[in-house]
Amino acid sequence: MAEHIDGRALDEVVSFTSELIRIDTTNRGGGDCRERPAAEYVAERLAATGLEPVLLERTPGRTNVVARIEGTDSSADALLVHGHLDVVPAEPADWEVHPFSGEIRDGVVWGRGAIDMKNMDAMVLAVVRAWARAGIRPRRDIVIAYTADEEASAIDGSGFLADHHRGLFEGCTEGISEAGAFTFHAGPGTALYPIAAGERGTGWLKLTAHGRAGHGSKVNRANAVSRLAAAITRIGEHQWPVRLTPTVRAALAELAAVYGIAADPAAPDFDVDELLGKLGPAAALVEATVRNSANPTMLEAGYKINVIPGHATAYVDGRILPGGEDEFRDTLDRLTGPDVDWEFHHKEVALQAPVDSPTYAKLRAAVEEFAPEGRVVPYCMSGGTDAKQFSRLGITGYGFSPLRLPPGFDYPALFHGVDERVPVDALHFGVRVLDHYLRAA
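For the sequence shown, this note's numbering assigns the number 1 to the initial residue and increments by one for each residue that follows.
Derived from the structure by calculation, the hints contain no laboratory data.
C-beta atoms are modelled at their ideal positions from N, C-alpha and C, and glycine is treated no differently.
You may find that some hints are simply not true.
[Stated by the list, open to error] Below, simulated EDC-like cross-link-like pairs (lysine to aspartate or glutamate); rule was C-alpha separation at most 16 Å, straight line:
| no. | residue 1 | residue 2 |
| --- | --- | --- |
| 1 | K347 | E325 |
| 2 | K278 | E254 |
| 3 | K206 | D339 |
| 4 | K206 | E343 |
| 5 | K206 | D317 |
| 6 | K206 | D333 |
| 7 | K362 | E174 |
| 8 | K206 | D341 |
| 9 | K347 | D326 |
[Claimed, not checked] Across the chosen pairs, the derived CB separations fall in these ranges:
| no. | residue 1 | residue 2 | range |
| --- | --- | --- | --- |
| 10 | R8 | R28 | 31 to 41 Å |
| 11 | P60 | A284 | 37 to 47 Å |
| 12 | A134 | P241 | 47 to 57 Å |
| 13 | D333 | P188 | 39 to 49 Å |
| 14 | A257 | E91 | 39 to 49 Å |
| 15 | E237 | V258 | 30 to 40 Å |
| 16 | P407 | M298 | 34 to 44 Å |
| 17 | D264 | A288 | 19 to 29 Å |
Work out the full structure, taking the sequences as your base and the hints as a guide.
Here it is in structure tokens:
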């Protein structure tokens, strides 16, 4: 056990998580957020270690923090460790505790951001401060970035940093952030630790149906609302074909091995749905990433019940696997039809990271050091992170924010969910694993 990860380091990760939760950084979209108080909080604690954090804003109040720890090997590539400071909205009336209380109750820290992702923000702070007290330097330079706006477009956060402050990330070839190396209980005695090595791309869509405005009592064969509803129904009911990426193939192969199932995801006759049916709870790790997807989420039409509007609008959350964009575009053209136009409301790239790399091996080893009973498996995230924007700088991203969680703790459900919380023991585990990996990286 690393002596520098002592009682003070373990206490700090808990207090930092709680205190960051109390700083309300709700991102409601459309620029309605202010991360600066949280940015100043982390910058102050980084500066106390002798680092020189830089605070950067595209928009006043939308603050990012970047700092570099110099490694002992100047010839080595640098590593980016990043986490976002904003959180999604939370309605206090729906929660058992106030979502911005940061309350610590029965060994659990409660509040919005406890999982997504002020816990990881706090882990990084605790590790860096423990290193400073012990005089530890990593082998390679480590760039720490705390970002704004991840829960919206990232235009004020990682997108701004990647496009306008490239120099701060000089030498960075790989990065780690959310969400991986958490305990996924896949059955009695089966604890998985999925490490993310890919993300589906973001394809948020705006659909606009055109028609003929008129009186609600008259026959209208060019009703924009009907045309939009028909297109949305086709999109919602569409069965997308299987598209297996290298990361997902590796995940399926390793999960099959965990359950003792004979399966070859590379075989021409491989039936992914048949295998998913045999994986039980573990199927949730991969079932959303074997296909592209498009889910209708918002509708806007009309202004009076007896008036047929001349246009109607809808929004669709599309997610695109690496290599799947052409198929996605062609399918949307066909499903929307001639009377509905569509465009990307927001678009970001899909990502893949190698699972046979030295970096992935070190990530795996760090988890196995502290959770030898667990099985580390790769997976592809169904959604996205700031790794998309940082990929513009040639940085390969992995999801690695380690947490050891008890049976029955539904980690995925707490992302953007009610009663978000994290066990104190999980934070302690995370600090130890993160420290182990970053010193070995």
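Here is what the structure says about each hint:
Restraint check for K347 and E325: the C-alpha separation of about 11 Å stays at or below 16 Å, so the hint holds. Simply put, K278 and E254 have alpha-carbon atoms about 13 Å apart, close enough for the 16 Å limit, and the pair holds. For the hint linking K206 to D339, the alpha-carbon distance of about 14 Å falls within 16 Å, and the restraint holds. Taken as a hint, the K206 and E343 pair is honoured in the structure, with Cα atoms around 5 Å apart against an allowance of 16 Å.
As the CA atoms of K206 and D317 are separated by approximately 9 Å, the hinted pair is consistent with the 16 Å bound. For the proposed pair K206 and D333, the alpha carbon gap of about 13 Å is at most 16 Å, so the pair holds. Note on K362 and E174: the hinted pairing holds, with a Cα-Cα distance of about 13 Å set against a maximum of 16 Å. Distance restraint check for K206 and D341: the Cα-Cα separation of roughly 8 Å lies within the 16 Å cut-off, and the hinted pair is therefore satisfied.
Taking the CA atoms of K347 and D326, the gap is about 14 Å. The hint holds against a cut of 16 Å. Between R8 and R28 the CB atoms are about 37 Å apart, so this pair conforms to the stated range of 31 to 41 Å. Restraint check, P60 to A284: a C-beta distance of roughly 41 Å satisfies the suggested window 37 to 47 Å. Under the hint 47 to 57 Å, the C-beta atoms of A134 and P241, about 53 Å apart, fit the expected range.
Our hint of 39 to 49 Å for D333 and P188 holds, since their Cβ atoms are close to 47 Å apart. Our hint of 39 to 49 Å for A257 and E91 holds, since their Cβ atoms are close to 43 Å apart. Taking 30 to 40 Å as the suggested C-beta distance range, the pair E237 and V258 conforms, at roughly 33 Å. Checked against the hint of 34 to 44 Å, the C-beta distance between P407 and M298 comes to roughly 37 Å, which is consistent with it.
As the Cβ distance of D264 to A288 is approximately 22 Å, the hint placing it in 19 to 29 Å holds.
Checked against the numbered hints given earlier, this structure breaks none of them.
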